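There are 2 protein chains.
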Amino acid sequence: MTTTFRIQAILEALQKVTSKQEHFVPLHEPSFQGNEWLYVKECIDTGWVSSVGKYVNKFEEMLADYTGVKHAIAVVNGTAAVHVCLKLAGVEPNDEVLVPALTFIASANAISYCGAIPHFVDSSYETLGLDPVKLDHYLMEISVQRKDGCYNKITGRRIKAVLPMHTFGHPVDMDALLEICDRYKIELVEDAAESLGSYYKGRHTGNWGKLSAVSFNGNKVVTTGGGGAILTNNDELGKMAKHITTTAKKPHPWAFDHDHIGFNYRMPNLNAALGCAQLEMLSKFIEQKRTLANMYANAFLQVDGVKLFMEPSFAKSNYWLQVLMLEEQFASEKEKLLKAANEAGFMTRPVWKPLHEISMYQNCPKMNLDVVGSLARRIINIPSSPGLAR
Amino acid sequence: MTTTFRIQAILEALQKVTSKQEHFVPLHEPSFQGNEWLYVKECIDTGWVSSVGKYVNKFEEMLADYTGVKHAIAVVNGTAAVHVCLKLAGVEPNDEVLVPALTFIASANAISYCGAIPHFVDSSYETLGLDPVKLDHYLMEISVQRKDGCYNKITGRRIKAVLPMHTFGHPVDMDALLEICDRYKIELVEDAAESLGSYYKGRHTGNWGKLSAVSFNGNKVVTTGGGGAILTNNDELGKMAKHITTTAKKPHPWAFDHDHIGFNYRMPNLNAALGCAQLEMLSKFIEQKRTLANMYANAFLQVDGVKLFMEPSFAKSNYWLQVLMLEEQFASEKEKLLKAANEAGFMTRPVWKPLHEISMYQNCPKMNLDVVGSLARRIINIPSSPGLAR
Ligand SMILES: Cc1ncc(COP(=O)(O)O)c(C=O)c1O
Ligand SMILES: Cc1ncc(COP(=O)(O)O)c(C=O)c1O
Numbered sequence: 004m005t006t007t008f009r010i011q012a013i014l015e016a017l018q019k020v021t022s023k024q025e026h027f028v029p030l031h032e033p034s035f036q037g038n039e040w041l042y043v044k045e046c047i048d049t050g051w052v053s054s055v056g057k058y059v060n061k062f063e064e065m066l067a068d069y070t071g072v073k074h075a076i077a078v079v080n081g082t083a084a085v086h087v088c089l090k091l092a093g094v095e096p097n098d099e100v101l102v103p104a105l106t107f108i109a110s111a112n113a114i115s116y117c118g119a120i121p122h123f124v125d126s127s128y129e130t131l132g133l134d135p136v137k138l139d140h141y142l143m144e145i146s147v148q149r150k151d152g153c154y155n156k157i158t159g160r161r162i163k164a165v166l167p168m169h170t171f172g173h174p175v176d177m178d179a180l181l182e183i184c185d186r187y188k189i190e191l192v193e194d195a196a197e198s199l200g201s202y203y204k205g206r207h208t209g210n211w212g213k214l215s216a217v218s219f220n221g222n223k224v225v226t227t228g229g230g231g232a233i234l235t236n237n238d239e240l241g242k243m244a245k246h247i248t249t250t251a252k253k254p255h256p257w258a259f260d261h262d263h264i265g266f267n268y269r270m271p272n273l274n275a276a277l278g279c280a281q282l283e284m285l286s287k288f289i290e291q292k293r294t295l296a297n298m299y300a301n302a303f304l305q306v307d308g309v310k311l312f313m314e315p316s317f318a319k320s321n322y323w324l325q326v327l328m329l330e331e332q333f334a335s336e337k338e339k340l341l342k343a344a345n346e347a348g349f350m351t352r353p354v355w356k357p358l359h360e361i362s363m364y365q366n367c368p369k370m371n372l373d374v375v376g377s378l379a380r381r382i383i384n385i386p387s388s389p390g391l392a393r
Numbered sequence: 004m005t006t007t008f009r010i011q012a013i014l015e016a017l018q019k020v021t022s023k024q025e026h027f028v029p030l031h032e033p034s035f036q037g038n039e040w041l042y043v044k045e046c047i048d049t050g051w052v053s054s055v056g057k058y059v060n061k062f063e064e065m066l067a068d069y070t071g072v073k074h075a076i077a078v079v080n081g082t083a084a085v086h087v088c089l090k091l092a093g094v095e096p097n098d099e100v101l102v103p104a105l106t107f108i109a110s111a112n113a114i115s116y117c118g119a120i121p122h123f124v125d126s127s128y129e130t131l132g133l134d135p136v137k138l139d140h141y142l143m144e145i146s147v148q149r150k151d152g153c154y155n156k157i158t159g160r161r162i163k164a165v166l167p168m169h170t171f172g173h174p175v176d177m178d179a180l181l182e183i184c185d186r187y188k189i190e191l192v193e194d195a196a197e198s199l200g201s202y203y204k205g206r207h208t209g210n211w212g213k214l215s216a217v218s219f220n221g222n223k224v225v226t227t228g229g230g231g232a233i234l235t236n237n238d239e240l241g242k243m244a245k246h247i248t249t250t251a252k253k254p255h256p257w258a259f260d261h262d263h264i265g266f267n268y269r270m271p272n273l274n275a276a277l278g279c280a281q282l283e284m285l286s287k288f289i290e291q292k293r294t295l296a297n298m299y300a301n302a303f304l305q306v307d308g309v310k311l312f313m314e315p316s317f318a319k320s321n322y323w324l325q326v327l328m329l330e331e332q333f334a335s336e337k338e339k340l341l342k343a344a345n346e347a348g349f350m351t352r353p354v355w356k357p358l359h360e361i362s363m364y365q366n367c368p369k370m371n372l373d374v375v376g377s378l379a380r381r382i383i384n385i386p387s388s389p390g391l392a393r
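Those protein sequence lines, which keep their order, are chains C and E.
So in our numbering the end of the first sequence lands on 393, straight run, no missing numbers.
So in our numbering the end of the second sequence lands on 393, straight run, no missing numbers.
So that you can see chain C by itself, here it is in the shape it has in the complex (with noise of 0.2 Å):
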């Protein structure tokens, strides 16, 4: 029995459980029906918007609260929050650091940011993410250890990081991963830009790496307009990454002395009144976002040819962007289907280009990447929206 793959099958689906009325369904719109304009407003009327403010303070402990993590920095954007992360773990210039090629260009981008090289991992299908088995035998083959870290026998450079990113909210095996930085002797910074409101093993992301970065860009599961953070459980780092995200300015009641060449990545205290509000609705978010996809299980169950992909078994997942699986043998249908769903209103997008095939990065080492050729012709997302939930 073979199946067959019917556009027209899955865009009743995504009417089914969007409910489409009006002539278009975004892929994830932000939702502001808690206290936003109340602190907003506050900043406006004090005329506390910018540097000076409660709500920094106030968001950086929310989000600590929340995550579990003991200290969180915020900053002006999710991109800087991994480009410090990858700093403060000592990525230094002509270090390589491992990245899954299928992953946002800001991962890579970051690390040109140090003067490092991205070095392309493959992605496992369990997870969307970095596959820590396929890892572990490419560095026993490519690997040496030196007495400053692990080298690549290859380039000769020093391989001082990973950075895994947990897809559309879906963690990667970490106790895994652990257990390869462990003993390669490799950093672990996680980026979980996406992951906001996902557990691993019933621990919220983000608290495994020695750093690790979250985003509030409009399209998150919550925002600050513009915003990220920078989380870390290791109490020196902490005051560093708040010391080099304000520029590094010694302090004192006046005078300027600055010990660190910094950065102006804090964020503006009116983008974080923003963000408490949102936070106070992020665990309703996410209770909606897990019922959306059950939702979208079901109708999909009815579809043949495609599947929503659903969670890790250890995972409890954020489901961030819901991710719809094409089979691999419908795979070169995936154009049509995105042009199809785009005019019919609903906002669909396919996954990121990987990293190894832009041009910037087409030359940067990497392994096999079977996994990620496979996932990126045929992933494509659907509209994701909280309030889509019923």
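These aren't lab readings, by the way, just hints derived from the structure by calculation.
Hints are not guaranteed to be accurate.
For chains that are exact copies, the list does not tell them apart, and a pair is met inside one copy or across any two.
Stated by the list, open to error - Mimicking DMTMM-like on lysine to aspartate or glutamate, the simulated pairs with C-alpha atoms at most 20 Å apart in a straight line are:
#, residue 1, residue 2
1, Lys356, Asp262
2, Lys337, Asp373
3, Lys356, Asp373
4, Lys252, Glu64
5, Lys213, Glu239
6, Lys57, Glu32
7, Lys252, Glu360
8, Lys356, Glu64
9, Lys204, Glu314
10, Lys44, Glu239
11, Lys287, Glu32
12, Lys369, Asp260
13, Lys61, Glu144
14, Lys337, Asp178
15, Lys339, Glu239
16, Lys287, Glu129
17, Lys337, Asp260
18, Lys287, Glu95
19, Lys369, Glu64
20, Lys339, Asp260
21, Lys287, Asp68
22, Lys356, Asp260
For clarity, every value in this text was computed on a predicted model and none was experimentally measured.
Add chain E with the ligands to chain C, keeping to what the hints say.
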């Protein structure tokens, strides 16, 4: 006849001008008395707080209009703006960039982000900014022309660009500097972070450099919470500035491809909304700040040993931060004065520590910096909020 230096007389002049009634007069306070609420609320009501929405475009148009520069690109802050300006001016790793030693550390940090080296230049008593005459003599001595530009004979590095900064809003002598850049084949980038509303010979600052950077931090003439802008009259650079500050994604309705190592430096719509309301008030703020300068100038006429710094003859300044200049013989009283003024509730501060004295930059190339030394000993900034004018 020797003058005397009486801290009490200075405090009295500060009291007279600021009419302090509360316990504290800040250095520079934002003022939100226009459409700030209206525009920000609209962002929250419509959900457009992030990378999409009308206010970023509107803000960019208003800014281009106000400054007379053809293209304005809103970014996340002034530091990011300087970084991108230098990058697009062609600054590459191991180049040198001429920059005043007397500027905020962000100017030098942005040079470092490019992998380039700050090369410190002396300032002028007339403008508080870069001294073109002294720079000319210095370049005559240390530089040599090669096929691809100007080289430092001593370090062997290329001198790619010069980054003048309009200190506290007072414009540098741009005609003289332009002539030098032309003669020595050095790119001109203006750090106009502090000079929105300042004119040199009737034309707004930011119009002279190949590219220029503005800041909208909370302490600036107008604020977006955190924010900045890149200004340029060059069409191609304007387009490229927008492109690489928004992750350099190739235009496509759904697919992801990127053609440069870009940045996430975009200004969120929420912050741009605040900025639009602020720009509507800018002309009024500048008038108030110029009035305040005259009030201070008069008040300090009566006080021995200090003088209010007034704009150079070719300029119309925004008087962003008012500068009280101590006579050299009383420079040793500065710390005492700062302490007394801050304790009395007048927020005052010294100018930045000269960058060649900051640990990370102390081994950078530099010319004789006597004027910077003298200015750094003698400048204090005094309360400058536009609302203080009457
Ligand atoms: C995996 C990943 N890393 C980093 C980022 C960067 O975050 P931001 O857009 O807030 O800079 C994002 C989101 O855009 C992301 O999805
Ligand atoms: C001279 C100068 N350059 C750059 C900046 C950086 O601007 P921002 O604080 O918006 O990053 C500032 C202001 O802080 C400044 O005064």
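Of the numbered hints stated previously, which ones are contradicted by the structure, given in increasing order?
-> 4, 8, 10, 13, 14, 15, 16, 18, 19
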